[in-house]
Amino acid sequence: MSFTVIVPARMKSTRLPDKPLADIGGMPMVVRVVERALLSGAERVCVATDDMRIQDAVTLAGYASMLTSPEHPSGTDRLAEAVDRLGLPDDAVVVNVQGDEPLIDPALIDAVAGVLTAHPEWPMATAAHAIDDAADFRNPNVVKVVCGADGRALYFSRAPIPWDRDGFAGAHAPALPQGGALRHIGLYAYRAGFLRTYRTLAPSALETVEALEQLRVLWHGYAIGVHVAAHAPAAGVDTPDDLARVRRLFETISNNQNQG
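Numbering (the numbering used here), first residue to last: 1 to 260.
One or more hints might be untrue.
Between beta-carbon pairs, the in silico distance windows are [unchecked claim]:
no., residue 1, residue 2, range
1, 147, 38, 52 to 58 angstroms
2, 74, 162, 26 to 32 angstroms
3, 258, 138, 27 to 33 angstroms
4, 255, 231, 57 to 63 angstroms
5, 230, 175, 19 to 25 angstroms
6, 18, 219, 32 to 38 angstroms
7, 203, 130, 45 to 51 angstroms
8, 174, 35, 21 to 27 angstroms
9, 231, 175, 41 to 47 angstroms
10, 193, 235, 31 to 37 angstroms
Derived by calculation from the structure, the hints in this document are not laboratory data.
Glycine residues also receive a C-beta, built at the ideal position from the N, C-alpha and C atoms.
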(Lines of atoms letter the chains of each structure in order from A and count residues from 1; the text may use other names and numbers.)
(Lines give C-alpha, C1' and ligand atoms only; values in the text may rest on other atoms or scores of the structure.)
Protein backbone atom coordinates (compact mmCIF):
# COMPACT_ATOMS: atom_id res chain seq x y z
CA MET A 1 0.00 0.00 0.00
CA SER A 2 1.46 3.33 -1.07
CA PHE A 3 0.07 6.68 -0.01
CA THR A 4 0.98 10.26 0.88
CA VAL A 5 -0.18 12.16 3.96
CA ILE A 6 -0.83 15.88 3.58
CA VAL A 7 -1.45 17.98 6.68
CA PRO A 8 -3.33 21.19 5.85
CA ALA A 9 -2.62 23.83 8.49
CA ARG A 10 -3.76 27.42 8.75
CA MET A 11 -3.21 29.91 11.53
CA LYS A 12 -6.76 31.28 11.82
CA SER A 13 -8.70 29.82 14.73
CA THR A 14 -11.29 31.74 16.72
CA ARG A 15 -11.26 29.46 19.76
CA LEU A 16 -7.50 28.90 19.95
CA PRO A 17 -5.36 31.58 18.25
CA ASP A 18 -2.15 30.37 16.52
CA LYS A 19 -3.25 26.81 17.17
CA PRO A 20 -0.79 24.99 14.85
CA LEU A 21 2.15 26.51 16.74
CA ALA A 22 0.81 25.78 20.23
CA ASP A 23 3.59 24.13 22.25
CA ILE A 24 3.10 20.48 23.15
CA GLY A 25 6.00 18.97 25.03
CA GLY A 26 8.52 21.36 23.46
CA MET A 27 7.28 21.03 19.87
CA PRO A 28 4.61 22.92 17.89
CA MET A 29 1.36 20.99 17.59
CA VAL A 30 1.63 20.70 13.80
CA VAL A 31 5.02 19.02 14.22
CA ARG A 32 3.50 16.55 16.69
CA VAL A 33 0.91 15.70 14.02
CA VAL A 34 3.65 15.07 11.46
CA GLU A 35 5.46 12.82 13.93
CA ARG A 36 2.33 10.70 14.38
CA ALA A 37 1.67 10.55 10.63
CA LEU A 38 5.24 9.36 10.02
CA LEU A 39 4.49 6.33 12.20
CA SER A 40 1.92 5.22 9.62
CA GLY A 41 2.80 3.46 6.38
CA ALA A 42 2.87 6.71 4.41
CA GLU A 43 5.61 7.11 1.82
CA ARG A 44 5.85 10.77 2.73
CA VAL A 45 4.23 13.39 4.91
CA CYS A 46 3.99 17.04 3.93
CA VAL A 47 2.41 20.05 5.64
CA ALA A 48 0.47 22.42 3.33
CA THR A 49 0.05 25.84 4.90
CA ASP A 50 -0.71 29.46 4.04
CA ASP A 51 1.51 30.90 6.75
CA MET A 52 5.30 31.25 6.68
CA ARG A 53 5.48 30.80 10.45
CA ILE A 54 4.02 27.32 10.18
CA GLN A 55 6.31 26.43 7.29
CA ASP A 56 9.34 27.66 9.24
CA ALA A 57 8.38 25.62 12.31
CA VAL A 58 7.95 22.43 10.29
CA THR A 59 11.16 22.97 8.33
CA LEU A 60 13.11 23.70 11.52
CA ALA A 61 11.96 20.34 12.89
CA GLY A 62 13.34 18.66 9.76
CA TYR A 63 10.06 17.84 8.01
CA ALA A 64 8.56 18.69 4.61
CA SER A 65 6.20 21.61 4.09
CA MET A 66 4.96 23.91 1.36
CA LEU A 67 3.32 27.31 1.17
CA THR A 68 -0.10 27.31 -0.51
CA SER A 69 -2.55 30.03 -1.45
CA PRO A 70 -4.26 31.88 1.41
CA GLU A 71 -7.45 32.08 -0.67
CA HIS A 72 -8.56 28.47 -0.33
CA PRO A 73 -12.09 28.19 1.13
CA SER A 74 -11.44 24.74 2.62
CA GLY A 75 -8.73 22.29 3.56
CA THR A 76 -9.79 20.09 0.64
CA ASP A 77 -8.98 22.87 -1.82
CA ARG A 78 -5.59 23.30 -0.14
CA LEU A 79 -5.00 19.56 -0.58
CA ALA A 80 -5.77 19.83 -4.27
CA GLU A 81 -3.12 22.51 -4.72
CA ALA A 82 -0.62 20.42 -2.76
CA VAL A 83 -1.34 17.38 -4.94
CA ASP A 84 -0.55 19.42 -8.04
CA ARG A 85 2.60 20.89 -6.49
CA LEU A 86 3.81 17.39 -5.55
CA GLY A 87 3.05 16.12 -9.05
CA LEU A 88 1.07 13.12 -7.80
CA PRO A 89 -0.54 10.93 -10.48
CA ASP A 90 -4.34 10.67 -10.57
CA ASP A 91 -4.40 7.18 -9.04
CA ALA A 92 -2.19 8.14 -6.05
CA VAL A 93 -3.82 7.86 -2.62
CA VAL A 94 -3.65 10.94 -0.39
CA VAL A 95 -4.71 11.02 3.27
CA ASN A 96 -5.77 14.34 4.78
CA VAL A 97 -4.65 14.47 8.42
CA GLN A 98 -5.83 17.60 10.20
CA GLY A 99 -3.17 19.77 11.82
CA ASP A 100 -4.93 19.69 15.20
CA GLU A 101 -4.76 15.91 15.72
CA PRO A 102 -1.52 15.39 17.69
CA LEU A 103 -2.80 12.10 19.10
CA ILE A 104 -4.01 10.55 15.86
CA ASP A 105 -3.55 6.78 15.65
CA PRO A 106 -1.16 5.88 12.79
CA ALA A 107 -3.07 2.61 12.34
CA LEU A 108 -6.24 4.58 11.60
CA ILE A 109 -4.40 6.50 8.88
CA ASP A 110 -3.33 3.18 7.35
CA ALA A 111 -6.85 1.77 7.58
CA VAL A 112 -8.48 4.68 5.75
CA ALA A 113 -5.83 4.58 3.02
CA GLY A 114 -6.40 0.83 2.83
CA VAL A 115 -10.06 1.30 1.92
CA LEU A 116 -9.01 2.87 -1.38
CA THR A 117 -6.36 0.23 -1.95
CA ALA A 118 -9.01 -2.48 -1.54
CA HIS A 119 -11.55 -0.62 -3.70
CA PRO A 120 -9.80 0.97 -6.69
CA GLU A 121 -13.18 2.05 -8.06
CA TRP A 122 -13.85 4.39 -5.12
CA PRO A 123 -12.42 7.93 -5.16
CA MET A 124 -12.68 8.74 -1.46
CA ALA A 125 -12.74 7.10 1.98
CA THR A 126 -13.26 8.08 5.59
CA ALA A 127 -13.81 6.47 8.99
CA ALA A 128 -16.45 5.98 11.68
CA HIS A 129 -16.96 4.20 14.98
CA ALA A 130 -19.95 2.84 16.87
CA ILE A 131 -21.94 5.27 19.03
CA ASP A 132 -22.58 3.92 22.52
CA ASP A 133 -23.93 7.09 24.15
CA ALA A 134 -27.51 8.25 23.58
CA ALA A 135 -26.53 11.87 24.15
CA ASP A 136 -23.99 11.64 21.32
CA PHE A 137 -26.61 10.10 19.06
CA ARG A 138 -28.88 13.11 19.54
CA ASN A 139 -26.13 15.75 19.58
CA PRO A 140 -26.09 17.79 16.34
CA ASN A 141 -22.38 18.44 16.84
CA VAL A 142 -21.76 14.70 16.49
CA VAL A 143 -21.94 13.81 12.80
CA LYS A 144 -23.53 10.48 12.03
CA VAL A 145 -23.13 8.28 8.94
CA VAL A 146 -25.15 5.36 7.60
CA CYS A 147 -23.54 2.84 5.23
CA GLY A 148 -24.63 0.33 2.63
CA ALA A 149 -23.84 -3.38 2.62
CA ASP A 150 -20.63 -2.76 0.65
CA GLY A 151 -19.29 -0.22 3.15
CA ARG A 152 -20.05 2.91 1.16
CA ALA A 153 -21.59 5.91 2.89
CA LEU A 154 -25.27 6.43 2.10
CA TYR A 155 -25.63 9.69 4.02
CA PHE A 156 -24.01 11.90 6.64
CA SER A 157 -26.12 13.98 9.00
CA ARG A 158 -26.16 15.97 12.20
CA ALA A 159 -29.56 14.43 12.87
CA PRO A 160 -29.87 11.11 14.76
CA ILE A 161 -29.71 8.52 11.96
CA PRO A 162 -30.80 5.85 11.42
CA TRP A 163 -34.08 6.75 13.10
CA ASP A 164 -35.69 3.63 14.57
CA ARG A 165 -39.29 4.44 13.68
CA ASP A 166 -40.91 1.62 15.60
CA GLY A 167 -38.33 1.25 18.36
CA PHE A 168 -38.42 4.92 19.31
CA ALA A 169 -42.20 5.12 19.25
CA GLY A 170 -42.96 3.19 22.44
CA ALA A 171 -43.01 4.31 26.05
CA HIS A 172 -39.88 2.26 26.72
CA ALA A 173 -37.92 3.29 23.64
CA PRO A 174 -34.27 2.19 23.54
CA ALA A 175 -31.61 4.86 23.86
CA LEU A 176 -30.00 3.88 20.54
CA PRO A 177 -31.45 2.40 17.34
CA GLN A 178 -31.56 -1.34 16.84
CA GLY A 179 -28.51 -2.32 14.84
CA GLY A 180 -26.55 0.61 16.21
CA ALA A 181 -25.38 3.94 14.87
CA LEU A 182 -22.03 5.26 13.62
CA ARG A 183 -20.21 8.46 14.44
CA HIS A 184 -18.20 9.94 11.60
CA ILE A 185 -14.47 10.47 12.15
CA GLY A 186 -13.12 13.43 10.18
CA LEU A 187 -10.22 11.64 8.53
CA TYR A 188 -10.27 11.38 4.73
CA ALA A 189 -8.39 9.59 1.97
CA TYR A 190 -8.68 10.63 -1.67
CA ARG A 191 -7.37 9.67 -5.04
CA ALA A 192 -5.30 12.57 -6.31
CA GLY A 193 -7.36 12.73 -9.49
CA PHE A 194 -10.56 13.09 -7.50
CA LEU A 195 -9.10 16.03 -5.57
CA ARG A 196 -8.58 17.70 -8.92
CA THR A 197 -12.17 16.88 -9.88
CA TYR A 198 -13.52 18.06 -6.52
CA ARG A 199 -12.45 21.63 -7.28
CA THR A 200 -14.90 21.64 -10.20
CA LEU A 201 -17.92 20.36 -8.23
CA ALA A 202 -20.55 22.94 -7.40
CA PRO A 203 -21.63 23.16 -3.75
CA SER A 204 -24.83 21.24 -3.03
CA ALA A 205 -28.00 22.19 -1.22
CA LEU A 206 -27.50 19.31 1.22
CA GLU A 207 -24.06 20.42 2.36
CA THR A 208 -25.39 23.93 2.90
CA VAL A 209 -28.30 22.72 5.02
CA GLU A 210 -26.27 20.23 7.09
CA ALA A 211 -23.02 22.25 7.02
CA LEU A 212 -21.17 19.09 5.98
CA GLU A 213 -18.81 19.45 3.05
CA GLN A 214 -18.61 15.71 2.34
CA LEU A 215 -22.24 15.72 1.22
CA ARG A 216 -21.08 17.48 -1.95
CA VAL A 217 -19.36 14.25 -2.94
CA LEU A 218 -22.49 12.11 -2.47
CA TRP A 219 -24.69 14.76 -4.11
CA HIS A 220 -22.66 14.51 -7.30
CA GLY A 221 -22.80 10.70 -7.32
CA TYR A 222 -19.33 9.77 -6.10
CA ALA A 223 -18.66 6.98 -3.59
CA ILE A 224 -17.16 7.42 -0.12
CA GLY A 225 -15.95 4.19 1.47
CA VAL A 226 -16.12 3.98 5.28
CA HIS A 227 -13.71 2.15 7.57
CA VAL A 228 -15.44 1.28 10.85
CA ALA A 229 -12.89 1.54 13.65
CA ALA A 230 -13.09 -0.65 16.73
CA HIS A 231 -13.07 2.33 19.06
CA ALA A 232 -13.29 6.12 19.16
CA PRO A 233 -10.08 7.98 18.29
CA ALA A 234 -8.38 10.40 20.65
CA ALA A 235 -9.98 13.82 20.51
CA GLY A 236 -8.36 16.64 18.56
CA VAL A 237 -7.48 20.11 19.85
CA ASP A 238 -10.16 22.77 19.37
CA THR A 239 -10.14 24.71 22.64
CA PRO A 240 -7.72 25.78 25.39
CA ASP A 241 -9.08 22.96 27.55
CA ASP A 242 -8.28 20.44 24.81
CA LEU A 243 -4.76 21.82 24.58
CA ALA A 244 -4.25 21.55 28.33
CA ARG A 245 -5.44 17.94 28.27
CA VAL A 246 -3.04 16.99 25.48
CA ARG A 247 -0.14 18.77 27.18
CA ARG A 248 -0.77 16.78 30.37
CA LEU A 249 -0.78 13.56 28.39
CA PHE A 250 2.49 14.35 26.67
CA GLU A 251 4.03 15.30 30.02
CA THR A 252 2.95 11.96 31.47
CA ILE A 253 4.42 10.08 28.51
CA SER A 254 7.68 12.02 28.78
CA ASN A 255 7.94 11.34 32.53
CA ASN A 256 7.32 7.62 32.00
CA GLN A 257 10.02 7.48 29.32
CA ASN A 258 12.51 9.26 31.55
CA GLN A 259 11.77 6.90 34.43
CA GLY A 260 12.15 3.94 32.13
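query: Which earlier hints can't be squared with this structure?
result: 1, 3, 4, 7, 8 and 9
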